[in-house]
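The chain contents come next:
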Amino acid sequence: MSAVLRVQELAKRYGELQALADVSFEVSAGEIVAIVGPNGAGKTTLLSIIAGIHDASAGSVSVGPEQVGWAPQQAALYSKLSVAENLELFARLERIPDGRAAVERMLEQTGLKGREHERVGRLSGGNRQRVNVALGLIADPPLLALDEPSSALDPGQRERLWEFIESLAAAGRTILFATHNIAEVQRHATRMLLLADGRMLFDGPPAELPAMVPGGDLEQRLVAFLAEHGQPAGAGA
Amino acid sequence: MSSLFRKDLLILRRSRLLLALLVIYPIAIALLIGFAISRSPAKPRVAIVDETPPGETVRVGSQRVSVSEYAKQVFDQVDAVPVASREEAVAQIKSGQVLAAVVIPSNIAARVQSATSSATLEVLYNGDALEQSLVQSSLESALAHANLGFSEQIQQAAARAIESLLAGGNLGSLGAPSNLIGLREIPASLQRIIARLPPGAERSQLQRIDTFATFAAENLSASRTVLATISQPIHVKSELLHGRRTPLNTFAVVVAVSISLMFVCVLQAAGGVALEREENTLSRLLRGLVSREQLLAEKGLLAAGCAFILAFAMLAGVGAFVTLDWSRVGLWLIALAFGAVAFGALGVAIGALAREVRAATLLAFLLSLPLALLALVPAGAVSGAFLGVINAISFVFPFKACLQALDAAVNSASPALAGSLLHLAALTILFGALARLGLGRAE
Numbered sequence: 001m002s003a004v005l006r007v008q009e010l011a012k013r014y015g016e017l018q019a020l021a022d023v024s025f026e027v028s029a030g031e032i033v034a035i036v037g038p039n040g041a042g043k044t045t046l047l048s049i050i051a052g053i054h055d056a057s058a059g060s061v062s063v064g065p066e067q068v069g070w071a072p073q074q075a076a077l078y079s080k081l082s083v084a085e086n087l088e089l090f091a092r093l094e095r096i097p098d099g100r101a102a103v104e105r106m107l108e109q110t111g112l113k114g115r116e117h118e119r120v121g122r123l124s125g126g127n128r129q130r131v132n133v134a135l136g137l138i139a140d141p142p143l144l145a146l147d148e149p150s151s152a153l154d155p156g157q158r159e160r161l162w163e164f165i166e167s168l169a170a171a172g173r174t175i176l177f178a179t180h181n182i183a184e185v186q187r188h189a190t191r192m193l194l195l196a197d198g199r200m201l202f203d204g205p206p207a208e209l210p211a212m213v214p215g216g217d218l219e220q221r222l223v224a225f226l227a228e229h230g231q232p233a234g235a236g237a
Numbered sequence: 001m002s003s004l005f006r007k008d009l010l011i012l013r014r015s016r017l018l019l020a021l022l023v024i025y026p027i028a029i030a031l032l033i034g035f036a037i038s039r040s041p042a043k044p045r046v047a048i049v050d051e052t053p054p055g056e057t058v059r060v061g062s063q064r065v066s067v068s069e070y071a072k073q074v075f076d077q078v079d080a081v082p083v084a085s086r087e088e089a090v091a092q093i094k095s096g097q098v099l100a101a102v103v104i105p106s107n108i109a110a111r112v113q114s115a116t117s118s119a120t121l122e123v124l125y126n127g128d129a130l131e132q133s134l135v136q137s138s139l140e141s142a143l144a145h146a147n148l149g150f151s152e153q154i155q156q157a158a159a160r161a162i163e164s165l166l167a168g169g170n171l172g173s174l175g176a177p178s179n180l181i182g183l184r185e186i187p188a189s190l191q192r193i194i195a196r197l198p199p200g201a202e203r204s205q206l207q208r209i210d211t212f213a214t215f216a217a218e219n220l221s222a223s224r225t226v227l228a229t230i231s232q233p234i235h236v237k238s239e240l241l242h243g244r245r246t247p248l249n250t251f252a253v254v255v256a257v258s259i260s261l262m263f264v265c266v267l268q269a270a271g272g273v274a275l276e277r278e279e280n281t282l283s284r285l286l287r288g289l290v291s292r293e294q295l296l297a298e299k300g301l302l303a304a305g306c307a308f309i310l311a312f313a314m315l316a317g318v319g320a321f322v323t324l325d326w327s328r329v330g331l332w333l334i335a336l337a338f339g340a341v342a343f344g345a346l347g348v349a350i351g352a353l354a355r356e357v358r359a360a361t362l363l364a365f366l367l368s369l370p371l372a373l374l375a376l377v378p379a380g381a382v383s384g385a386f387l388g389v390i391n392a393i394s395f396v397f398p399f400k401a402c403l404q405a406l407d408a409a410v411n412s413a414s415p416a417l418a419g420s421l422l423h424l425a426a427l428t429i430l431f432g433a434l435a436r437l438g439l440g441r442a443e
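Chains as they are written, first to last, in the numbering used here: chain A, 1 to 237; chain B, 1 to 443.
If you're looking for bench data, these hints aren't it; they were derived computationally from the structure.
For glycine and all other residues, C-beta sits at the position ideal for the given N, C-alpha and C.
One or more hints might be untrue.
Covered, in the sense of this in silico footprint (three residues per stretch, anywhere, with C-beta under 8 Å from a C-beta of chain B), are these stretches of chain A [to be verified]:
id	region
1	46-54
2	68-75
3	85-99
Here are a few chain B residues that face chain A, going by a calculated C-beta distance under 7 Å [to be verified]:
id	residue
4	Ile11
5	Gln153
6	Asn280
7	Ser283
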């Protein structure tokens, strides 16, 4: 299968801080790739470079920002506008030829049909996150980058959001998401990238990590794996 | 960019409180400042205790000046509240009914007449330091005017007394003989008598008296002019070196409109940019959908457009009460447009530096208020070095340049409009560049 995304020797430096160093990987269509790692590992930096928010200090990303749908951790929405107005605005800014149809399609896909005239500021966290993802998808990009998409959601909202994301992957979209939630990785990701101090420590299916570190569940094995690689136990994933 | 314009107008329309504040607050501030500048200070409300007996006069030679003339002069200079006694005056000051009291003593006529000691007025006042300073200054000015008026009355009485001595006739004062010869006639009469006398000691003595009478008549004539000069020794003739004389009320209009233009524009532009950050939409917009320059231009121009409409409406509205030269309306529009764009650039620079709307709003207020105050400090009101600092600060922000441009456009005042417009254009570029740097640094 051909790669939808190719990241080569990516590096990012903020002054003295090396946020990313020599990160390389490829992602194929339909994959759901989890990016995990302790706080400050470089997960958001990696996603934001792929999404075109920040420039890399070195290395390359094979796709332009127009090919990546972006859903930041904190919903990037105009709370005074309605769901439909937010979608219409970004459809116009993305210069989508039939913006109206794109808005209708996103309302259908995200299950927000019937709530399109509600102001975003009055929506629940789960629905705001749906609109946030919908804005990333409005231009129909092949790749969707999600930064901790379920961090502010209750279990029910989280479940509905993952149903939606998995349906996107089933339709051929590639999903990249950063998370601290290992159970979510185990349940939904087809592949896991483990970052620590800006370096890639592991790249493979989540199920392969337990084989490398004996004992406990995936989270315990992940912590042990990080400890083996010089990451303190308190750093978390 | 039109999509962003539409979106921001929609957001503005839905932020009713903000919209109301953006319109009402500057108008209220503008009107307050306008009134404060255009209205000359009101006469201080002062209790007057006139202890002089009714009909008391000051005698000047053969003339008499009523002491009530002095009280009248004082009454004309203040918002006078006649009271019967010093105690009543003190009570009114304490209750805040009057700002101060002036006690005209019963011996004022005797003191003025004595020519050895001047009369003393008692002034009573109360209040905080600022109020004391204001009352003291107003009263000193009012009493100086009253003293001048009273001294003119005395000078006129003295001049009339001298004229009576020179012209003779009936002097009118009690006990004075009637049909007296005037000093002016004495030399001619003496010379006629001298001509008839043979030379000798008697003739020589009369000639000496004639010389004195001639000298006295000439000097007394001159003394009337001297008296007039003493009452007002220096006259003031004022001349405006350049520009047109700007009436204070039309200048107040210009100040009020400039302040409104600045507040609306700076607050809206700063808030608009900061809102994108607060809503977390800035990164989404800047990943290829719009450029940083387009975003800043949209925010600045939208704020400038709103402020321009409001400021012009204010100018037109105030024009119903104050005479403005409507043939210059084209120049008003140009000055308002340049000012609005410069304020828009300042606003987006503030918005780009602040990370949230509240911080941007606070920063905009903290910057705008002192800028307006500094630009209005008159040249002679502070020391030279401090004025230099004030002028330097005013020069690098758009308020003073906008005020000067609008004053030139509305009142044809100096400096010329073209210079102020160039200044505003340069500041627009400067703050636009700062905004671009701020946005680049933060993202």
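To see whether the hints hold, each was checked on the structure:
With 4 residues having a Cβ less than 8 Å from any Cβ of chain B, the region 46-54 of chain A passes the three-residue criterion, so the hint holds. Coverage of the region 68-75 of chain A by chain B holds in this model, with 4 residues showing a Cβ closer than 8 Å to a Cβ of that chain against a need of three. Here the region 85-99 of chain A counts 6 residues with a CB under 8 Å from a CB of chain B, which clears the bar of 3, and the coverage holds. Satisfaction of the interface hint for Ile11 (chain B) is found here, the shortest Cβ-Cβ separation to chain A being roughly 5 Å, below the 7 Å cut-off.
At about 72 Å, the closest approach between the beta carbon of Gln153 (chain B) and any beta carbon in chain A exceeds 7 Å, and the interface hint on this residue is violated. Using the Cβ-Cβ criterion of 7 Å, the hint placing Asn280 (chain B) at the interface with chain A is satisfied: the shortest such distance is roughly 4 Å. A hinted interface residue such as Ser283 (chain B) counts as satisfied when its beta carbon comes closer than 7 Å to some beta carbon of chain A; here the least separation is about 5 Å, so the hint holds.
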